[in-house]
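In order, the protein sequences belong to chains A and B. Under our numbering, the first residue of the first sequence carries the number 2, and numbering increases by one thereafter. Under our numbering, the first residue of the second sequence carries the number 2, and numbering increases by one thereafter.
Source of the hints: derived by calculation from the structure; they are not laboratory data. Do not rely on the hints blindly, as some may be mistaken.
Copies of the same chain are indistinguishable here, so a pair counts whether it falls within one copy or spans any two.
To be verified - Here are the simulated DSSO-like pairs of lysine-lysine, each with C-alpha atoms no more than 27 Å apart in a straight line:
id	residue 1	residue 2
1	K117	K172
2	K216	K409
3	K172	K436
4	K216	K236
5	K158	K92
6	K216	K361
7	K439	K46
8	K57	K33
9	K100	K236
10	K216	K172
Quick caveat, the model's predicted, so the values are computed rather than measured.
There are 2 protein chains.
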Amino acid sequence: MILLNLDRTNKVPLFHQVFAQLKLLIEANTLKPGFRMPPTRELAKNHGVNRSTVYKAYEELTALGYLESRPGSYSTVRKRHKIATEDQRAKKGLIPWAKNSSEEGRTLHNAFERFKSRLPENINPSNLVNLASLELDTRNFPVEAFRRCINTVMVEKGGQLLTYGDCAGYKPLREYIAQRLRFHGISVNYDEILITNGSQNAIELVLKLLTVPNKNIAVEMPTYSNVIPLLNYFKANIVGIPMNETGMDLDHLEKVLQNQDVSFIYTMPNFHNPTGITTDQTHREKLLGLCETYRVPLVEDAFEEEMKYFGKVPLPIKSMDRLHMVIYLGTFSKVLFPGIRIGWVAAEKEFIERVTAIKKFSDLSTNSLIQAALHEFCEQGYYTLHIKRMHREYRKRMNTVIGMLREKLSRFQHVSWTEPAGGYLLWLQLRNTGKNEKQLTDLFYHYGLILIPGSHFFPPRPEQAQTHQFRLSISTCSEPEIREGITRLANALSDIYCEKGENHAA
Amino acid sequence: MILLNLDRTNKVPLFHQVFAQLKLLIEANTLKPGFRMPPTRELAKNHGVNRSTVYKAYEELTALGYLESRPGSYSTVRKRHKIATEDQRAKKGLIPWAKNSSEEGRTLHNAFERFKSRLPENINPSNLVNLASLELDTRNFPVEAFRRCINTVMVEKGGQLLTYGDCAGYKPLREYIAQRLRFHGISVNYDEILITNGSQNAIELVLKLLTVPNKNIAVEMPTYSNVIPLLNYFKANIVGIPMNETGMDLDHLEKVLQNQDVSFIYTMPNFHNPTGITTDQTHREKLLGLCETYRVPLVEDAFEEEMKYFGKVPLPIKSMDRLHMVIYLGTFSKVLFPGIRIGWVAAEKEFIERVTAIKKFSDLSTNSLIQAALHEFCEQGYYTLHIKRMHREYRKRMNTVIGMLREKLSRFQHVSWTEPAGGYLLWLQLRNTGKNEKQLTDLFYHYGLILIPGSHFFPPRPEQAQTHQFRLSISTCSEPEIREGITRLANALSDIYCEKGENHAA
């Protein structure tokens with residue numbers, strides 16, 4: 002018979018006292034492996050406790066491997082193997098993970114670490130103006146409307162949204178996107194659309210399908226920072242096409258296409274990241290023409306298609322795409338919620354089928370519940386309403402930042418910037434600073450300002466000479482914050498150029 | 002002056018009439034590129050309509066590229082490029098996607114097509130017993146509790162859950178998982194956990210980190226069907242370790258380890274997919290010992306860790322892992338909701354950091370809202386409650402299927418099956434059927450039954466001789482459905498073995 006010492010005045014619940022004392026008896030080998038435990042009813046009766054108290058303790062002992070039991074039979078003490086407790090775990094394991102990583106795994110890890118090292122450490126947000134982040138401003142989020150939409154779809158079809166969904170995406174959402182794309186002049190059906198975990202995932206899936214090691218991929222230079230490490234991961238040969246004021250240099254591109262095989266061209270025609278440049282209609286027609294002539298697919302990353310708040314941006318290249326050259330990437334991240342993780346690929350049906358197969362083996366399917374809630378949000382008209390609000394808001398913000406730059410920075414002859422036709426991004430160019438990029442970043446930080454240094458948007462390369470560039474984003478900053486940020490920027494620049502004795506013309 | 006013909010009795014909204022008629026005038030070149038449009042106020046006044054009606058029409062024309070405007074100025078007709086309308090799009094595009102795919106892309110596409118071709122087409126679910134699917138039974142879903150949890154987190158912290166989250170996962174959920182793993186004897190901290198888009202995504206990320214082309218990866222044979230195409234995608238050399246009744250053949254494994262370099266070993270110690278086999282404590286200790294001796298990481302796929310409803314399954318291998326050999330994969334898909342797409346990797350911190358970098362470039366982060374709702378669900382105690390219910394339910398279902406198999410199939414001397422210690426899966430072996438796998442699958446279908454043919458769980462290979470195997474899943478079937486399914490199975494088997502004149506012994 003087992004005798005326990007239960008203390009009813011103790012705060013520790015009775016079941017846990019039973020559990021702990023039995024555990025001790027087993028660990029001390031007082032109760033040996035194979036020992037037949039008393040039935041819960043008996044132990045409970047002997048100690049004047051509820052049977053469920055003992056049951057709960059037995060259950061826990063079973064789960065932790067101290068007892069074994071089969072339904073309808075006695076529990077017995079089992080020979081327990083050594084559990085590696087916290088203090089028994091080695092500080093450093095046997096496997097040298099860096100060495101055991103694939104080369105590609107190391108590539109991404111290095112990129113991850115390098116990105117982190119480019120920004121000042123210990124960023125203290127309270128006192129800083131953050132013109133670095135391309136997050137969205139949470140103050141504009143239509144949280145309440147979205148909450149109601151999730152609630153509605155959970156009530157109306159909760160269960161079916163929680164099973165594995167269609168690997169290509171929730172059909173009504175694909176249909177909505179197809180319909181919405183018609184508004185931008187693009188004519189596609191739902192089966193020409195694959196839903197992805199945001200735009201980054203779309204890029205990755207497209208790369209998985211089209212990249213062959215050591216083959217060329219043409220990208221604007223500079224380009225979206227997160228695409229460069231991926232291209233390296235897939236061992237693509239990056240062919241950088243320089244950007245000029247009107248977009249990627251098409252003469253340069255044509256020479257490349259004349260002389261080399263290119264798997265595809267990656268472009269951001271609207272509000273290019275990081276430069277903020279938007280290409281015009283002629284540029285778009287010419288680029289598509291080159292793709293058709295040389296039979297090279299075009300990946301059109303339209304991450305801010307909806308942010309044409311000045312209303313004078315041409316339609317997407319995809320809208321002219323008769324011959325299915327264009328793989329169009331869209332996302333809800335840059336206009337609604339980044340955290341929703343819903344983007345899409347629109348392309349020829351056969352392409353979509355092939356990229357869907359890849360998606361299936363990556364993660365089976367995207368969360369249907371979120372897709373259904375988003376579809377409800379769109380169908381209820383909240384999405385177009387939200388876009389209108391965003392247009393009003395960012396038209397003001399962009400006018401503010403451009404006005405401030407003209408007011409505060411015109412006096413610096415070595416400073417220039419782009420003035421975008423929409424979106425969130427501007428590109429600042431500094432000449433003759435006498436400092437390197439890291440020193441400039443630190444100086445801005447010293448003035449309470451974060452910008453992203455330009456080298457972030459190029460493949461790793463030797464220190465750039467002369468010109469220093471920074472990306473400036475207005476996506477998270479209100480108008481007063483923008484005014485304060487540009488004032489600080491002007492002060493920092495005064496510091497640089499006065500120090501050098503090369504002050505403004507005025 | 003522009004004259005429009007507006008019909009107020011028509012159901013078409015006025016703004017759309019304005020839009021459509023202006024569009025016609027532009028397309029007919031009556032209004033030529035560069036034409037300065039009348040101000041909205043003027044056009045509205047001339048036609049006795051609200052100014053906002055005209056404004057809306059202008060806005061739509063601008064978006065579709067018919068007009069261009071800048072704020073505070075006139076709109077003008079723009080030279081519009083050719084939009085590719087539905088009927089102008091080529092039936093077949095210029096790019097031959099199959100040829101332009103990477104070899105790896107073709108691998109996955111072929112696997113996708115092959116899987117589809119293995120099951121009968123046009124499955125009509127109303128009349129079928131589906132013992133194929135490893136979905137969960139939606140009738141058991143705690144939808145209402147989950148709905149309340151989403152609602153709670155949306156109300157309490159909606160905005161911050163809709164920004165980009167921590168790439169490694171929502172910290173409180175990682176903490177909960179760490180705590181829950183302690184219940185299974187595993188001692189890890191939250192920073193040794195990466196949240197993934199389900200278990201499939203976890204496998205993919207681990208493969209991305211550890212796979213080197215042409216190096217060996219040891220997997221149980223048969224194994225999880227979706228892992229084989231991925232291994233092919235990564236060009237790993239698959240070393241199949243045969244399964245016997247106690248799990249993977251460790252003598253065979255040891256010979257492999259003695260003679261070859263192996264990047265890692267992939268195993269499912271509980272309720273193995275597809276065989277349903279669970280390894281015992283000795284097997285687990287020996288397997289971990291081999292990994293330590295030969296310094297080979299072990300990927301422990303614990304997809305059904307929580308479904309130990311018979312209560313006699315040993316603790317995970319990870320629980321004994323002092324030297325950080327084990328990369329443990331867990332998921333909520335196989336016990337709560339498959340569609341939630343939340344799984345995790347638990348491993349040494351450095352490994353987690355490296356695999357997190359890969360995750361970042363794949364999709365930036367996993368949806369925080371769903372992670373927070375899941376965390377709330379767990380914290381409120383709904384998760385453990387749900388597991389208890391699932392245990393009760395599937396203990397009954399598994400007892401039913403085993404009882405039925407014994408009752409109905411014992412008389413067939415050439416038929417055997419596994420009797421699992423938990424989970425959802427059984428493995429049926431047929432000998433001397435005189436039919437090939439496809440014929441057997443079709444025959445079962447003819448009897449109103451779907452099972453997954455065994456070749457699904459092996460790499461593509463020549464027709465297996467003799468033995469035919471099928472996976473039988475009870476995850477979506479109620480007890481009456483299971484009884485009906487096994488009765489149909491017995492009828493089909495009677496058909497096979499009577500036809501061959503090799504009837505039962507009885």
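Hint by hint, here is what the structure shows:
1. K117 to K172: Between. Shortest inter-copy distance 20 Å satisfies the 27 Å Cα cut-off; intra-copy 38 Å does not.
2. K216 to K409: neither (46 Å within a copy, 60 Å between copies)
3. K172 to K436: neither (54 Å within a copy, 39 Å between copies)
4. K216 to K236: both (8 Å within a copy, 18 Å between copies)
5. K158 to K92: neither (48 Å within a copy, 37 Å between copies)
6. K216 to K361: The answer is both: 25 Å in one copy and 24 Å across copies each meet 27 Å.
7. K439 to K46: Neither: 74 Å inside a copy, 60 Å across copies.
8. K57 to K33: within (21 Å within a copy, 83 Å between copies)
9. K100 to K236: both (19 Å within a copy, 19 Å between copies)
10. K216 to K172: neither (35 Å within a copy, 40 Å between copies)
Checked against the numbered hints given earlier, this structure breaks hints 2, 3, 5, 7, 10; the rest are met.
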